[in-house]
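There are 4 protein chains.
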Amino acid sequence: MATVEQIVSATAQFIRTHVLPLDDEYDGDIAAAGGDATRLRLQAAAREAGVFAPHAPRDLGGLGLGMVERAPVFEAAGYSLFGPIALNINAPDEGNVHLLDQLATPSQRERYLEPLARGEMRSGFAMTEPAPGAGADPSALATTATRADGGWLINGEKHFITGADGAGFFIIMARTGEQATMFLAPADRDGLEVGRHLKSLDTSMLGGHCQMRFSDLFVPDEDVLGEVDRGFAGAQIRLGPARMTHVMRWLGAARRAHEIAVAHVADREAFGARLADLGMMQQMIADNEIDLAATRALLLEACRALDDGGRASKETSIAKTFGGEALHRVADRAVQMCGGLGTTHELPVAKIAREIRPFRIYDGPSEVHRWSLARRAVREIVG
Amino acid sequence: MATVEQIVSATAQFIRTHVLPLDDEYDGDIAAAGGDATRLRLQAAAREAGVFAPHAPRDLGGLGLGMVERAPVFEAAGYSLFGPIALNINAPDEGNVHLLDQLATPSQRERYLEPLARGEMRSGFAMTEPAPGAGADPSALATTATRADGGWLINGEKHFITGADGAGFFIIMARTGEQATMFLAPADRDGLEVGRHLKSLDTSMLGGHCQMRFSDLFVPDEDVLGEVDRGFAGAQIRLGPARMTHVMRWLGAARRAHEIAVAHVADREAFGARLADLGMMQQMIADNEIDLAATRALLLEACRALDDGGRASKETSIAKTFGGEALHRVADRAVQMCGGLGTTHELPVAKIAREIRPFRIYDGPSEVHRWSLARRAVREIVG
Amino acid sequence: MATVEQIVSATAQFIRTHVLPLDDEYDGDIAAAGGDATRLRLQAAAREAGVFAPHAPRDLGGLGLGMVERAPVFEAAGYSLFGPIALNINAPDEGNVHLLDQLATPSQRERYLEPLARGEMRSGFAMTEPAPGAGADPSALATTATRADGGWLINGEKHFITGADGAGFFIIMARTGEQATMFLAPADRDGLEVGRHLKSLDTSMLGGHCQMRFSDLFVPDEDVLGEVDRGFAGAQIRLGPARMTHVMRWLGAARRAHEIAVAHVADREAFGARLADLGMMQQMIADNEIDLAATRALLLEACRALDDGGRASKETSIAKTFGGEALHRVADRAVQMCGGLGTTHELPVAKIAREIRPFRIYDGPSEVHRWSLARRAVREIVG
Amino acid sequence: MATVEQIVSATAQFIRTHVLPLDDEYDGDIAAAGGDATRLRLQAAAREAGVFAPHAPRDLGGLGLGMVERAPVFEAAGYSLFGPIALNINAPDEGNVHLLDQLATPSQRERYLEPLARGEMRSGFAMTEPAPGAGADPSALATTATRADGGWLINGEKHFITGADGAGFFIIMARTGEQATMFLAPADRDGLEVGRHLKSLDTSMLGGHCQMRFSDLFVPDEDVLGEVDRGFAGAQIRLGPARMTHVMRWLGAARRAHEIAVAHVADREAFGARLADLGMMQQMIADNEIDLAATRALLLEACRALDDGGRASKETSIAKTFGGEALHRVADRAVQMCGGLGTTHELPVAKIAREIRPFRIYDGPSEVHRWSLARRAVREIVG
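Residue numbers (numbering that gives the first Met the number 0), protein chains in the order written: chain V, 0 to 382; chain Z, 0 to 382; chain A, 0 to 382; chain G, 0 to 382.
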């Protein structure tokens with residue numbers, strides 16, 4: 000069986016040869032690059048290379064890696080914006096595999112988890128709603144599920160549902176009285192409608208960020224995911240790890256931007272010196288090294304806590320908040336180091352900066368994490 | 000005759016009614032919005048509204064405003080990314096009008112300056128070259144002009160030539176021995192070739208950022224702009240003011256992003272409070288107010304120095320460097336304040352951030368300005 | 000009559016010859032340098048040099064400068080931490096002269112304002128209180144003034160009363176029912192007690208930052224300053240200008256730190272280069288130049304608005320907040336540029352950093368100004 | 000034998016009961032608090048409490064902890080500025096124990112290492128020199144050691160020699176031809192003179208930061224430390240770990256400042272809310288949590304690499320640079336959170352900020368580390 004180092008190495012090799020060229024040709028736009036057809040082709044190649052689904056349980060065809068083990072593998076995959084698609088570890092599918100593996104009944108495993116882990120279908124996690132519904136503040140949840148014969152009727156609107164266009168099924172969060180519950184529904188069921196894409200800064204999320212509408216969508220009791228009224232608690236299972244795998248993937252992308260920029264300044268001269276030898280360039284290079292190292296160190300602390308079985312809310316909040324900001328700083332400095340070319344599509348740095356920017360908002364804006372960290376700190380220090 | 004306040008007010012009104020809707024519909028992409036045809040239509044409307052060419056001398060049909068007077072007018076125009084096109088004060092035309100007004104011979108005025116000021120043709124300033132030519136360090140200039148019968152033969156390559164595609168003529172910087180000289184050439188002359196666009200973060204510059212090639216391009220002596228071997232000194236005439244008008248225009252764009260974001264947070268609730276009343280939002284709002292005010296104050300200091308007839312290198316370097324960074328911070332905070340929607344095309348903040356980002360590099364990267372400011376400070380303080 | 004330029008030049012000359020040597024000898028500690036005796040000696044010399052009391056009305060022996068005119072003079076004085084004492088433009092006396100000049104009755108002018116303007120006595124402004132009294136939030140005012148025969152009885156505690164030890168009189172803010180009122184009281188009146196000094200980061204404020212206690216302090220009606228129940232409105236007269244003169248003085252101090260640091264790095268070598276030629280040093284030098292210029296530009300904007308007769312709350316808040324933070328950054332970079340020596344008393348940079356740091360809190364913490372700026376922005380933008 | 004957790008807990012307990020009260024009474028000024036007499040008293044108490052010399056080898060009476068194990072113990076000690084003195088883990092003694100343990104001959108161990116480890120004498124590391132000698136750039140070393148009968152004669156000047164006043168012996172770096180060599184010398188030997196203290200921002204370093212002069216100081220061959228001409232390589236043994244123990248200690252101090260500030264804002268109200276519930280305060284609290292966590296995570300990465308036997312230059316440079324800056328940010332925010340009181344000696348936050356500030360310069364200024372990190376990155380990425 001392959002060691003983690005071997006998987007990392009094989010992943011890095013696979014990404015460079017099979018994925019990066021396509022990513023650069025289409026400037027990170029997966030729809031332009033062929034969408035799901037391309038995904039299937041890349042995933043077949045990844046399976047061939049032995050690097051497919053590093054996160055999935057072995058009995059589902061994955062490599063069964065824990066969180067600490069995943070970190071360098073996901074980083075190697077994230078080196079290309081299309082890498083996570085190729086390995087089937089993109090959001091939201093990767094987090095949904097994790098969630099289903101914890102909560103799905105045997106029949107749910109068979110219908111939803113297994114084809115998802117094998118890349119036979121994609122999925123969506125339908126949580127976020129247009130204002131005044133559930134956004135950064137989940138308690139504002141407006142979509143409702145009401146009792147019906149043998150199941151539930153779901154009504155409401157969602158938006159920013161990543162991957163919705165083309166997904167095979169959805170996990171839907173809906174209000175059940177004072178509480179919330181998660182439901183599973185295939186995409187083709189009556190009453191479930193995927194609307195237009197919200198055109199976003201990022202373009203590498205297959206299936207876009209879509210509006211959705213549920214109109215008397217019927218979900219039978221057997222498709223409740225986890226327990227009724229325990230939806231928020233269930234979603235927590237997904238939350239911490241999903242934040243961390245975001246950090247892992249974008250760490251790879253930011254590292255690529257940094258390496259491109261360093262190579263650029265090592266190859267140019269101005270004012271009689273190699274750019275890479277000018278102090279202000281060295282400062283940007285060093286700040287990138289520090290930001291990458293600090294993100295990685297915080298990420299690993301959080302992954303250790305998750306592997307130990309904890310919720311690790313504090314550790315994942317810190318790693319997410321720092322990483323979301325630091326990785327964008329890295330990409331932004333890479334743009335600056337590359338000068339005029341850095342602002343164009345001639346080099347891949349601008350696309351990486353554009354792709355990472357939303358992560359200061361996705362998975363909880365920095366402000367919400369800071370609010371939560373501060374309240375926790377006051378409790379811990381003052382009691 | 001209209002006061003500056005009246006011109007500002009008329010400009011703001013014109014922008015809101017005639018320009019903004021188009022800008023938002025096409026997400027700031029002027030090519031998608033119709034390119035030069037749209038420009039001509041907008042300019043006709045601006046002429047109608049009495050706000051066309053505020054910078055141009057009165058005898059050329061402009062409003063004849065000085066630098067301090069231009070500041071609020073250009074800011075009002077920059078409120079829309081298409082506004083500067085509508086008023087004919089976009090880069091590089093606006094700076095070229097200024098330069099030609101100082102240096103052009105009577106026949107050059109008639110052939111180049113007058114149609115440019117009236118919006119009948121656009122222009123390019125062909126200075127920047129691919130590595131290892133002239134970039135942030137102009138002394139690396141590689142394009143040559145050699146003596147020919149009755150004129151000069153120009154050979155070399157340029158890139159990032161803003162507005163080149165569709166320009167009617169170019170001002171070309173070329174090496175004449177140890178020195179540099181500026182030349183004028185119509186776009187349709189043999190030996191002048193406009194190549195592909197460098198696809199850029201910004202999309203509101205009409206005519207793109209293009210590659211160019213000169214192959215034995217013949218320029219007659221009468222089309223030397225300014226004196227032979229005085230090209231760098233001549234370009235300085237353009238440099239300081241052009242930096243400041245960039246700041247003016249992007250100040251308008253950043254202010255719009257800020258206003259959109261403030262309106263957004265004033266209209267949303269989370270965690271039981273209006274977003275605009277949460278401290279972290281207030282911090283971003285206040286930081287935006289401070290960055291906008293400081294940019295404006297530094298801009299006006301520099302404009303006063305320019306209006307007084309100085310080169311104002313220090314003042315314009317400071318205003319450009321601070322402004323280039325501060326205005327992007329403003330737009331970036333606006334994105335953050337708008338949350339998920341801020342990263343999409345549903346609101347105009349992401350496009351504004353994208354458009355402003357390159358200004359930390361255009362007109363001299365922040366690093367080059369800091370290098371120059373530091374050397375000057377050492378000279379002034381230590382002697 | 001001297002022009003402003005002449006006053007600036009004379010002030011700079013006076014500071015270098017008469018004040019700086021003493022400041023450096025005692026490391027900015029005015030008590031160690033002789034306290035009020037030294038003040039009187041320095042003020043006599045300033046009068047001799049024609050630079051005394053630039054802010055005071057001419058009929059009180061001052062130079063009668065407006066706010067814009069004061070800015071470069073106060074900056075020149077602030078170049079030494081003892082300079083403002085020498086010119087009699089230190090806090091709180093300088094602001095108290097301004098306030099009394101607006102509000103004092105003829106007899107109050109004679110008893111309080113005239114000796115204060117002439118440097119014959121110092122004064123205090125007794126506003127701030129220990130928690131839970133009036134701090135950043137003045138509405139928490141706890142000191143009370145109650146009606147007594149022919150006047151008022153004041154009771155309460157104050158702290159952080161700058162200059163209290165040795166002051167000749169105080170302006171006291173006290174609650175009169177739902178409102179607040181300002182009262183004048185000589186220091187030697189029964190019931191007025193100056194307590195211990197709060198040992199502070201700064202040491203150049205003559206008379207320290209003291210605790211005070213009022214125990215049935217009687218103030219006759221004729222010593223009410225301004226109108227009864229109009230204390231907060233009256234204090235506003237003082238507030239804006241006093242913030243700006245703080246910025247002016249510390250601008251001088253920060254500029255000195257910068258100049259010392261630039262001279263230091265211009266005189267040292269490491270790694271085969273002059274320190275001043277290394278890019279990271281150049282970045283710090285340039286950032287200092289930018290921070291100084293931006294502070295000055297914002298300051299002048301606010302002074303123009305004050306000279307025009309406005310309250311200029313927004314402009315002074317912005318200039319104070321930006322200046323308080325930027326000037327400390329300048330001093331902190333100066334420490335860093337001077338390396339090990341910068342952290343010692345061998346050079347004056349550490350003392351300047353220490354002295355400026357509290358200004359992010361004095362005159363309203365940055366956080367309170369940002370809160371106020373944000374609320375104003377929401378009002379202005381959203382209505 | 001005690002576990003690390005037990006040692007941490009015992010240390011924290013010991014610091015709170017035996018050390019903090021003294022530290023606060025004397026505002027972190029160890030000389031004012033009694034100097035070496037107080038040190039001996041505190042160290043006896045620490046021995047009593049079983050927490051003395053956690054770093055020293057067991058055969059020297061220490062607890063024999065590795066680098067990863069030291070981290071939480073030193074942080075607990077650093078919670079008081081006098082804590083490291085009490086545990087005998089202060090700079091430079093702590094690093095000198097480490098260096099001597101690696102390089103000392105048996106007789107050197109007996110004469111120097113053993114009494115040092117037991118707290119019977121203190122030591123100095125005489126490396127830094129006044130300009131133009133060895134500062135941030137060690138290659139400028141100016142102090143010379145020349146061959147003499149049976150030993151060496153050392154001549155030169157040093158400054159910033161921490162702990163020199165009262166040290167029992169010194170490790171002296173001197174130039175031996177083109178190379179450098181380390182020498183051991185007792186403090187009372189002829190030709191070794193400890194000069195005046197450089198009065199510094201920090202006051203908790205026992206023995207100050209002193210000037211030194213060597214005038215034909217004779218060192219016998221047996222007191223060469225390590226090999227002749229291998230002084231720089233030898234000093235590297237000390238360098239990485241010594242940087243990390245600095246981070247550990249100041250991590251404790253910064254954490255204390257943070258805790259004090261959180262307790263302060265949890266106890267105050269303004270504008271109708273508890274300060275700790277205001278968003279801008281929460282942002283500072285959260286940023287402190289993030290900075291502390293990131294410093295700790297980077298520190299542990301570096302300690303793991305050191306425990307694995309590597310030089311860990313990159314990891315220690317990153318942890319030192321990030322930590323030196325982040326911990327000062329933490330202390331500075333703590334000052335801001337405490338408002339006016341934060342700038343005084345009423346609370347211990349200002350003293351902690353003052354004490355930590357020089358660490359951005361000690362052990363290599365941030366700029367030198369960034370320079371080194373950048374050069375390494377270019378090598379690693381470009382080859």
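Treat the hints as calculated values from the structure; they're not laboratory data.
Accuracy of the hints is not assured; some may be wrong.
As the list claims (entries may be wrong) - The list that follows gives simulated cross-link-like pairs (lysine to any residue, SDA-like), each with its CA atoms no further than 25 Å apart:
(1) A/K313 <-> Z/P185
(2) G/K198 <-> A/G233
(3) Z/K198 <-> V/V367
(4) G/K198 <-> G/R273
(5) Z/K313 <-> A/R273
(6) G/K313 <-> A/H17
What the hints assert, rightly or not - Here are the computed distance ranges between Cβ atoms for each label pair:
(7) A/R374 <-> Z/L39: 49 to 55 Å
(8) G/A272 <-> A/L39: 42 to 48 Å
(9) A/G33 <-> G/G149: 23 to 29 Å
Even for Gly, the Cβ is constructed at its ideal location relative to N, Cα and C.
| Against which earlier hints does the structure fall short, listed by number upward? | Numbers 1, 2, 3, 4, 6, 7, 9, in rising order.
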